[in-house]
Amino acid sequence: MKKIIQLVLVAALTVSFSSCSEFLEVNNNPNAPVSENLSLSAKLPAALVSTVNQETGQLNQIGAFWAGYWGTTSEGVNLFVDLKSYNGPAIRHQRDGIPVWENGYTNLLYYQLIKEQAQTEGALVYAGIAKIMQGWHFTRLVDLYNNLPFDDALQGTLHPTPRYEDGKTVYEKSINLISAGIEDLKNAPAGVGPGADDVLFKGNKTLWIKFGNTLKLRALIHQSAAGDPAYITAEIQKIQAEGSGFLGVGENAFVQPGYLNTASKLNPFWENYYRTVQGASTGNHQDLRPTVFALEQYKRRNDPRLATLYVSVGTDYKGVLFGNPNAEAQYNRASTSAFKGPQENGNRPAALFKTATQPSVLMGSFESLFLQAEAAQRGWITGSAKTFYEQGIQESFKYMEVAASEFAAYNAQPAVNFDQATNKIEAIITQKWLALNSLSSIEAWSDYRRLGIPAIPNSLDAPAPTARPLRLMYPESERQTNNAEASKQGSDDMIKDKVWWNR
Amino acid sequence: MIKSLSTFILLLTLTTTAFSQEGRSIRGKVIEQTTGAPLPGTTITVKGTSQGTTADQQGEYAIRVNPGQILVFSFISYEAQEMTVTENTKTLDVALKEDLKQLSEVVVTGALGIKRAAREFGGGAQVVSNESLNQGKTVNPLFGLTSKVAGLRINMYDSKVDPQIQITMRGSRSLNRAKNAPIYVVDGVPVPEITRLNPNDIENITVLKGANAAALYGSEGVNGALMITTKSGTRGRGTVKFSNTTTFSQVFLLPPAQTQFGQGVNGVYDPTQAESWGPAFDGSMKDFGPVLPGGSRHKLLYAAPSRDNRLDLFETGVNLQNDVSFSGGDEKTTYFFSVQDVAIKGIIPEDKSHRTGARFNGTRKFGKLNTSYNVNYVYFKKNTTPDGPWITAYQLPANFDFNSMKDWRNPTSFASPSYFFTDLQKNPYHQIDNIRDLNEQQTVNGKVELDYQVTPWFSAMYRVGLFSTTTQTRSTTGKFEAAGRRNVNGSVSDGSNNFRRLNGDLILNFNKTFGKFSTRLILGQNFRSDYTKTATISSSNLLLPDLFNPGTRIGELTGSSGITEYRSLAGYGEFTGGYNNYLFLTLTGRNEWVSVLSKENRSYFYPGVSASFVFNEAIDALKNSRVLSFGKVFASWNKTGNVTLDPYSLNNPYSQTNGFPFGNLVGFTPGARYPNPNIQPEFVTSYEAGVQLSFLNNRLNFEGSYVFSDSKGQIFNATTSRATGYSSAVVNAGRLTNNIVELSLNGDVIRRNGLKWNVGFNYTHINNEVKELYEGLQSFNIFRQSYANIGQQYPSLQVSDYQRDPQGRVIINPTTGEPLVATDPVHLGTMVPPYQMGISTVLQFKGFSLGAQFDWRMGGWLYSEIVPRMYTAGTDPRTAEFDRQPFIFPNSVIQNADGTFTPNTTVLSKGDKAFWTKQGEIQINTAAKSDYFKLRELSISYALPAALLSKQKVVREASIGFVGTNLFIIRHKDNQYGDPEYLYNSTDGYLSFRQVPPYRTYGFNVNLTF
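Going line by line, the protein sequences match chains A and B. So for the first sequence, UniProt numbering puts the first residue at 1; every next one is plus one. So for the second sequence, UniProt numbering puts the first residue at 1; every next one is plus one.
Don't read these hints as lab results, they were simulated from the structure. What you are looking at is a predicted structure, and each value in this text was computed from that prediction instead of being measured. Keep in mind that a hint or two might mislead.
Result set (DSS-like, lysine-lysine): computed pairs, CA atoms no more than 27 Å apart in a straight line [claimed, not checked]:
| # | chain 1 | residue 1 | chain 2 | residue 2 |
| --- | --- | --- | --- | --- |
| 1 | A | Lys498 | B | Lys771 |
| 2 | A | Lys488 | B | Lys771 |
| 3 | A | Lys488 | A | Lys498 |
Based on the sequences and whatever the hints tell you, model everything.
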């Protein structure tokens, strides 16, 4: 019997130990690839689509309300209440809020990982693109949150509570990052780099460089009133020294991954604000309306874009009052002008809604042209402000499906004509505002914060008649995980505290 | 490996010994001395031989013996009695006396399913009997344990047709909130869950509380173990038992709603708005909803209802349990067979579930080889609607008439989704009928055990267990074509989830006594393999309203699948040395290898030591004490390793989202969790010391223990600042200590003339503290408002608050009247009640029995998410407190230029929707103390007297009874939100807006034995 015991013990132990490591080799994920399995070209498209989804979704929506474009119907009086009443704590709420910060950093991480892999692989174009896109997101976050982590950010547990940096510093570092990205692109050997996986510029390095320069210009324009002209001059000189210039006529930053008219693959802007995959009108399409103010701006200028943007009610275009806490019959769905799309336009593309597979607008050429117009008007860059201004309007007409032939008559009007404008900056910003409508609304809101142009009426549901949104509060998730740092930044009251360039 | 073991077991199958019976037949009856009731199952053996039998259900027995031989009558917890058979003996009736001494020496099911006397146990252990477990006739056996065991906390957290349960033993050792549940071991085999186990099949549950007792089960045992022993047959006449329980459930504790204001906007009535921000109810008939196809308009009385209309959404739930069991056996075999059928109709209309299970437990002896095998099969099916209807209901105006909304299929009715009064809420009955989740699950659980007694001092056992579940799910939404938000896309999602666990143990058991010294050595080897495969296939755009198949979709098919494997190997040992049956010392050790860690980190060892000392038997002065009948002290030290990591957590997986792939264009993004390839096992060191005392002939029993545990290097998924790029990170960090005091007291207050009144009380105080977090952090977010903060109890509730002056008054903005929001959150307290008490009482008189179980928990906090939504919807009573007029915010101040504060008497706050919505975001408004005291279970039963039944031969025992659960509750006055026990999705102290309100149940049951 003892022999049996010995036998069993030896058998059991040898069996278990010899096959031990083999038996336990089951920890390779059979369900999903890891970073090492994937090339840069498998990562870049997803990052760019994620960026544009956030810009045309969440951010454009906030901007469209706060820049005076959108309101809601009487039926929709209880929609978007947090944005209408400037409810900072609700907007920052972890689950029911609007995760601008969270999504911003997530997108930044995508580019961080692409950047790191590209640097390891020596893939300069990818590295350059990643840096430029990080510049986009960091400046965007500063526009909304002011001080935030830059150097410490995006490193996982290396810096579990990333240190915040001054908004101005982050802006400067972002501009430098974009410059470094442009440098990478210029140093990249010809013929190497992304192709179809670059869903923004199809691997066109020149356009990427121009895009980078335009982003830098945008960041400088934002700080036009921040009181550091020497810095601006120096940075403008660097852009000019680089020499590629900015996005110009016909040079649009549009993202087209190959949208399909099938569930979950539609253009998200279309699917959110116009039609579902079944072709049903979406809830947003039913209850979002232009404001009375926005319609007035177009009407006052006999603007041909009015007819491509909105559906008329009878012979007129009717808007709503932003933040109206009452459900008045005159602002019902049926009595006000909805966004126009092909179904209301004889199956022809309309200003904002063209097809279910239209590209997403990251930045239109018109935005770049108006930025250049302002820069020229301020004497920062050479070139004619008037030319940029007129090109900006024409590019907007083109995007919004207005015939080019309409421009001459439009431009001849005193309310439009640049030469007749007494306040050129006001003229530029107003036309920029008319062009960015519902496309890059968040930029229009930044212009309003900076210059107070145009004279957007306040929300009727504002906590006080003069209270305007100036920033977003640090999100609850940040208060929960990095409060010591967030608290050091002081008050983040939405209607009291401004971002650095807005002081 | 399995192969080699089975060969070994074949080798062990050697000989069988034959029985021989001679002599003359003796008959008799065994009764209980005090009550005279028969004692079925009494073992009768012939002393010095292997002959024996058991008494049948009447307590009667028959056995062949030779004159002069001695018969031994023994029955658990009764004093054994010896009777000598003489030449003249023909019948031998025996009355056994309850051995009160043995009550305190219960047999516990220790690690590996090995039964042993409690006296040698160096840790906390408590046995819950079948009767106690089934007092409330619960469907889920775990729920029957609630408040009955010191240190064990059980929360039921939903009231649907398949209630889920959260269970923790001796508080939290892990910052990973999902990893604090004990291990479940059914008949020696660890299984992942016992939710579907028939509670009637359970003979008893031994709750092993400490890490020591479970050390031999591996890492999962760090949180204690529930050792479940299912019934087995006994020798003698076969027994058939039948029982039926029918209970009814009724919803209660709805969050209160205001009844002053109806639907509308900014004080103006609006027939198509759902929120209650309209004018005050005035008793008039008002238009309700849009114009109907015929041009007419539905009208509704605009008046505050006298009762809560929301109750109309709920139905009385019905729970029907039928159980049948057969058992029996002879000298060599025993069997137990049971069938249970449970049908539940939910409190939400159309919700239902059905569970049918069967179990066969058998044993057979082949000489020195004991074999046993169990098979349990359970078929479970449920058909429910998701959370929608109730979420809708509490946001609707108080005069909403639920009963009129069932006719939604009528295309011209105001109940039709096309004409429902608002398009921002759905008709709850349309949600109920149209959105369905089906779930069918088959569970197979079985084991085979071969135990060979090689020599009197050595046995070898091999046990292999299988636990497998196959779950098929189907979620459907019926297509409903309408304009805008009223449109509903048809969708279907078919899923399957297959789980299989194979667990094998080889155990060598050595027992040897040397004079006064006894020794036992257990050596074992274990393997475990868990395999899960899931697959879903779905479409969110179906062509037809009532054909649910992805084949009838428009557009692309979506779906995914996943395979998860976890494996572990272990070698372990336990040595127990005893002296004179009153002093014991046990040493344990286990080395484990797990697949989920990297090669360098996956092997880890953990040891333990425990001792117990029955001092009243060792100290002469106490030996025959009339006061102290039993006294034991025990202590233990253990260091237990644990790996709470899920498979594949060492890398960050990439996936395609946002519509990718678009044709041939792929786009991958990483997950939001920062992985850590160097994760190592975490270790919990625990110390326990305790005392067990019985007084006055075991009439009064006391047990007390103190436990200290220290968990270090914990593996948990830490929520991180999004600025790190990730929403969370897997880390090996954090230290948590627990100081636990457990006391239980149980005594017979009255014990005379067939009247027995027993009262029991158990008390647990858990004082845990977060000592360290990683990277020098002071605070860590765990889940929404719950945190781990250094120096505080875990998890602690931290919420946003108003800015306050030094006196705690709320500072308001002097121009807008809005209260200012503080930058920093405030800490309120722990979200787990640190004080838990259970009170039980059983009163027995003749055939009557009255049992009650009270549950009392104190000192914790909860947070409700339902309230902010009710603020926004204008249904919360607070929104009507100031008649919706501008008002002076109570106890508010205005900050002066010099920094001082003046009480606010002039600045009005708006009492409108925007104002109250903002107050809903100030989380302190929806936090409350979670203290409660409730009558958890009440049972009254009456057993028909034997005399009544003796006239027929079919029914041997019969009883009827009443059962009820949750019959009353006392909550903290600030808690208007719900039942504090009733937590969302296994969180701590967290009530969700998704949860259906709790219910109470009452009903009756009938038990028959044939």
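Structure-based check of each hint:
| no. | hint | result |
| --- | --- | --- |
| 1 | Lys498(A) to Lys771(B) | violated, 39 Å |
| 2 | Lys488(A) to Lys771(B) | holds, 25 Å |
| 3 | Lys488(A) to Lys498(A) | holds, 16 Å |
Against the hints set out earlier in the document, a violation occurs for number 1 only.
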